[in-house]
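S.K.: Residue numbers (this note's numbering), protein chains in the order written: chain A, 16 to 365; chain B, 16 to 365; chain C, 16 to 365; chain D, 16 to 365.
Some hints here could point you the wrong way.
Unchecked claim - Stretch by stretch, here's where chain A covers chain C in the computed footprint (C-beta under 8 Å, at least three residues):
| hint | region |
| --- | --- |
| 1 | 196–202 |
| 2 | 205–218 |
What the hints assert, rightly or not - Pairwise CB distance ranges (calculated):
| hint | chain 1 | residue 1 | chain 2 | residue 2 | range |
| --- | --- | --- | --- | --- | --- |
| 3 | C | ASP53 | A | GLY233 | 51 to 59 Å |
| 4 | A | ALA214 | C | LEU287 | 48 to 56 Å |
| 5 | B | LEU287 | C | ASP40 | 26 to 34 Å |
| 6 | B | ALA54 | D | MET125 | 30 to 38 Å |
| 7 | C | ASP301 | B | SER52 | 24 to 32 Å |
| 8 | B | PRO83 | C | ALA274 | 56 to 64 Å |
| 9 | C | VAL63 | D | GLN303 | 45 to 53 Å |
| 10 | C | ALA294 | B | ASP288 | 29 to 37 Å |
| 11 | A | ALA274 | D | THR85 | 36 to 44 Å |
| 12 | D | ARG77 | C | ALA274 | 51 to 59 Å |
| 13 | C | LYS80 | A | ALA214 | 27 to 35 Å |
| 14 | D | GLU139 | A | ALA274 | 33 to 41 Å |
Just so you know, these hints were derived from the structure itself, not from any lab.
Cβ coordinates follow ideal geometry from the N, Cα and C atoms, glycine included.
What follows is each chain in one-letter form.
Protein chains: 4
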Amino acid sequence: MRKRKVAVLGATGTVGQRFIGLLADHPWFEITALTTSDAKAGRRYGDVAPWHWPGGMPDIAREMKLAPTTDDLDAEICFSALPSEAAAQHEAALAKTGHHVFSNVKTHRMDDDVPLIIAEVNPEHADALSVQRQRRKWTGSIVTNGNCSAIGFALAAAPLHRSFGIERAVVTTMQALSGAGYPGVPSLDALDNVVPYIAEEEEKMQLETRKFLGRWDGRRFVDADFAFSAHCNRVSVRDGHTEAVSLTLRGRPSLADAADAMRAFRGRPQELDLPTAPARPIVLRDEQDRPQPVLDRDVERGMAAVVGRLREDPVLGIKYVVLTHNTIRGAAGASVLNAELLAAEGCLGS
Amino acid sequence: MRKRKVAVLGATGTVGQRFIGLLADHPWFEITALTTSDAKAGRRYGDVAPWHWPGGMPDIAREMKLAPTTDDLDAEICFSALPSEAAAQHEAALAKTGHHVFSNVKTHRMDDDVPLIIAEVNPEHADALSVQRQRRKWTGSIVTNGNCSAIGFALAAAPLHRSFGIERAVVTTMQALSGAGYPGVPSLDALDNVVPYIAEEEEKMQLETRKFLGRWDGRRFVDADFAFSAHCNRVSVRDGHTEAVSLTLRGRPSLADAADAMRAFRGRPQELDLPTAPARPIVLRDEQDRPQPVLDRDVERGMAAVVGRLREDPVLGIKYVVLTHNTIRGAAGASVLNAELLAAEGCLGS
Amino acid sequence: MRKRKVAVLGATGTVGQRFIGLLADHPWFEITALTTSDAKAGRRYGDVAPWHWPGGMPDIAREMKLAPTTDDLDAEICFSALPSEAAAQHEAALAKTGHHVFSNVKTHRMDDDVPLIIAEVNPEHADALSVQRQRRKWTGSIVTNGNCSAIGFALAAAPLHRSFGIERAVVTTMQALSGAGYPGVPSLDALDNVVPYIAEEEEKMQLETRKFLGRWDGRRFVDADFAFSAHCNRVSVRDGHTEAVSLTLRGRPSLADAADAMRAFRGRPQELDLPTAPARPIVLRDEQDRPQPVLDRDVERGMAAVVGRLREDPVLGIKYVVLTHNTIRGAAGASVLNAELLAAEGCLGS
Amino acid sequence: MRKRKVAVLGATGTVGQRFIGLLADHPWFEITALTTSDAKAGRRYGDVAPWHWPGGMPDIAREMKLAPTTDDLDAEICFSALPSEAAAQHEAALAKTGHHVFSNVKTHRMDDDVPLIIAEVNPEHADALSVQRQRRKWTGSIVTNGNCSAIGFALAAAPLHRSFGIERAVVTTMQALSGAGYPGVPSLDALDNVVPYIAEEEEKMQLETRKFLGRWDGRRFVDADFAFSAHCNRVSVRDGHTEAVSLTLRGRPSLADAADAMRAFRGRPQELDLPTAPARPIVLRDEQDRPQPVLDRDVERGMAAVVGRLREDPVLGIKYVVLTHNTIRGAAGASVLNAELLAAEGCLGS
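The shape of chain A in the complex, shown without the other chains (with noise of 0.2 Å):
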């Protein structure tokens, strides 16, 4: 397959790194552009972005030069960083001259004809973009992907609601601090302590998770139809959101049963053997204690849904805790995934 041109937007925040670091040695992707701020446009990468990930920066975008975000860039695909105003002026213009956006931002999300992709979940929402080109006389395209609670709940469910339907969901997340990027927590919040809050999180959960489990119907999507309550959490931990949940499924499955479902669980990104896509896209673990957010979160390259503590809940019927790594599973990995599974499937052109 020839390289495709890619440009990472925003991107010397800690989600735009965490796409440099994917993207340095892709197969089938080569980063053409690196964009900023206008402030910061016209440096070199290397004197700009105090790197924040281990292992250092890749040399090639050290020696970069940082281009304004703008609606000529050479790059077939965008992956965008944007902070959400920037998302707001730029996204649309990009994806109205020619480009593939693949946004990690929120946007477009709730968008009636963006879709809103997990891979391994919900490839067929891409169906939508045709709707999406038409209506907006665009020829390039937005796929967005969710917030990173978001995607690391609905992937670990995704095969219980597929299999049983959920009817209920409770769930009270403890967040990693790369979720708010950098400088964000401060850590006199950060140390010794839990933040009961995080700004819009507990909406944004309940919003998507419906959309990524709901359906295309051809002209708009229809969201799964259950209850869902989140509590969202900020705790000392770098990297690897760590959820709780309780859940009512139709049908009162086993423990078994709703074991050997995500067990099972395969989707698109495996069938055609993408280079992002973990082997196993839900890690099912035995032991009492795991997932742990420094023993599992790397677990498939950071890309797996760690699951462990499946047992019966006395209110809803089913818990769990899940964990997945915020800024590759539920950020920059997931835009990656998504556009290798688009890329494979002819959806951005030959």
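For chain A, the structure is supplied; the task is to place chains B, C and D on it using the hints.
M.R.: Below, chains B, C and D without anything else, positioned relative to chain A:
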């Protein structure tokens, strides 16, 4: 009131130390014995115990000789922070020989003639002591306080249960490291991590909560009848258990009515103005990001349940966050308050 | 003594809040003004400032209106926690109009007629105020306290310098997060990390330490003459700067003599029994693993230097560890103690 | 090269696990035995050891049966992470029966015929093995690597010592929690804290550093002759020891010359291109705020000393910060590299 002689059983551990801190300048109680395992008995307290709390070891403790735990302790009241095997061996024996044991240990909590008391919530359970003494032929008694997480939940939920009735509760805890004692949780498990499991904790919460909110019918305890589900997690916090609570209440009260019930809640400790009683057993905060352990755990000298984020729950009806100081309100402080209550009510002799 | 009116300049930051905490119930001082940047002026303090310290906001502050920082503040004494540009603009102007400014900011620390005072160490530097007032034609004055790390070093080393004379000092600091204010250090830089650099900190320590331990000769400050090297590091601690100190002392005193000098050390604040004075300005501990921030930073209400591990240094002669509470002894508490000292000595008018 | 059979002694601890991680896919070595205390012998490794490192337990280890540590192990090379009493009992016995023991334990480090080797620094100390074997009548051998802090210091200082000669060194360490093993440091001692003491650490650094930088004169080790002072501290970091180093060098070289010496430094492992050798044993960084554990500990797969902040020291002459990964470069990785070196040099038989 004359000062009563009190002993701290298991005085070198973290809860034993909290007992000493709370009793060192107590207006009603005077420490006359500190006990420990036989191996350390006979040594000066200050030479044995590395002191784990800010403020330093009270002078009165430093100079005392550690005693073995025996049935003939010279003390009317024994505060027990014994390890569970030692508690099984000594607590009943001490009660038999006339001591009033206030135990922080699980050994006797669920016995059918042993009261499990939160002083503001179910002081009338002390009526069971007459049955206890008669049946067991004890001249002393055993009163227990509960597991730290169960106390936090039950204290905040008590006015809601009393006013409306709890039907169902789903709770996720984020518990402090001090709850596991010392050395307790290894730092490699705590740093940059969440451990989604605490041995026996979910079971204790489910059992004890129903006993706390139940009643004594003159002959036996009748548990409160509601479904309860707990997810218990350890997070990187020194002191203060945070709990995300979702409830269904009978009659579906408004948020305002629920808030009023919490704010208005007072109990016997407040009526009697007991030395360790908080002025407000429940402190309800309006800010959207409170309570937080580092900011709120010491409110009312660690004796309040601090509640925040009271809001509607799309699944269960109502939800909120409650924080309690686990080694004060959830352990040593709870026992001391129970002893004050029973002393003031005349249940410990004159 | 009549109560003097005091203002806190820059009252919403972390040091401003410490000032309020220390002054809320002060026997000699009464808060009459809290100032802030113009943007927040006019608003109620309780509506503006998220309070960062346990124990909650004092009621007296909550209800006050924030004032802009102007020259005509109704206060005799101004405690300044202003950002440095604002300090440059306002501190001298306030001194000119008759206010006694006790500044926690570096702006005027090294001015050749501004005393840099640790109340126990160099109270006689206040004699410079007559020169200051005369030369600058001020009716008020400026007194500064130093950088938090410099105060910690100088307080513990003062009796050694006084008794023996310091020839050389090599110091490595492990500094708390609160020293950087709020939001200050990003949590992603603090968690599981050490940052081996703090802007300007090593330079401040080297300059200020020599001024603290120097003398006022009637016309000018004469610095103490010794070589000083600092390595400054940020570690994951909320409050309390730990410093590993290696010294060469003139005359090569024994460890016992050095210990005696530290233990015996008292200053004017102790003689005058000032309200904020610690009973022991230096607390020397014998245990081999103390001082520790979490256990020792609150000794003497945060106003002591806690010293431990006094032992021989194979290279320089003597070494030890010193801990001071950086926002109390190293900042707000130091200023308040300086103001008490000058008030008691009659330097602030009657 | 044929694969050599290797055993890991004390395979369940944190260093034992690092050995397994480094050896699982090693091109020259093949794990044939994992030993443990008798109590666990006979059990499957995967059933016994909670795995403490990200990435999960290598499959080859999971299925192995744990063996007791005995003299007749079927392995040419034994990597020892035994507790010190077990090391005293077994290491010499294994060497006597023909095993080449690479020990990570202090037991034999200072023996006068046992080399203490950092492969890049003093590979010629291996010449002592002929004396060792002759004198002790061993067919095998013991080679030790040093304490983790001593290795970090000596590796970075080696080119300075070689080029200029060290006269005096004052070092303050900020050491990671993993250095104390598992369970190791209690979380209540680590969170929000610094512990300014590590048992025996300062003594080990002082002794071992001089042996590392000394020479083997054909009959005995001649220590490097310089004064050394260490302050050792434990900080809240998972992996990576940070050391603040002040040095006096003979001839007072310029900073540029010192930097050149560090940058140019290569040793036998680089010449021989050993599998575990870092390309650059010392990585010198120019940024003013590096190295940092979270960003730099994994450079060169954890086998480099990362140095930064090289600058003048007003007291001793030169100062800098060095970071090394304590359980890789400072422990298991150092032993594996030593074994590779001696295998490549023909010291372990053909």
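S.K.: All hints are to be evaluated individually against the structure, with a verdict given for each.
M.R.: Hints and how they fare:
1. 196–202: That given contact holds, which follows from 6 residues of the region 196–202 of chain C lying within Cβ reach (below 8 Å) of chain A.
2. 205–218: With 3 residues closer than 8 Å to chain A, the region 205–218 of chain C meets the three-residue bar; holds.
3. ASP53(C) <-> GLY233(A): 51 to 59 Å: 58 Å, holds
4. ALA214(A) <-> LEU287(C): 48 to 56 Å: 50 Å, holds
5. LEU287(B) <-> ASP40(C): 26 to 34 Å: For LEU287(B) and ASP40(C) the Cβ distance comes to about 28 Å; the hint holds.
6. ALA54(B) <-> MET125(D): 30 to 38 Å: For ALA54(B) and MET125(D) the Cβ distance comes to about 34 Å; the hint holds.
7. ASP301(C) <-> SER52(B): 24 to 32 Å: Taking Cβ atoms as reference, ASP301(C) and SER52(B) lie about 26 Å apart, which means the hint holds.
8. PRO83(B) <-> ALA274(C): 56 to 64 Å: The hinted range 56 to 64 Å is violated for PRO83(B) and ALA274(C), with Cβ atoms some 37 Å apart.
9. VAL63(C) <-> GLN303(D): 45 to 53 Å: Given a distance of about 35 Å, which is not inside 45 to 53 Å, the answer is violated.
10. ALA294(C) <-> ASP288(B): 29 to 37 Å: The hint (29 to 37 Å, Cβ to Cβ) holds, given that ALA294(C) and ASP288(B) are roughly 33 Å apart.
11. ALA274(A) <-> THR85(D): 36 to 44 Å: 42 Å, holds
12. ARG77(D) <-> ALA274(C): 51 to 59 Å: 55 Å, holds
13. LYS80(C) <-> ALA214(A): 27 to 35 Å: 28 Å, holds
14. GLU139(D) <-> ALA274(A): 33 to 41 Å: 59 Å, violated
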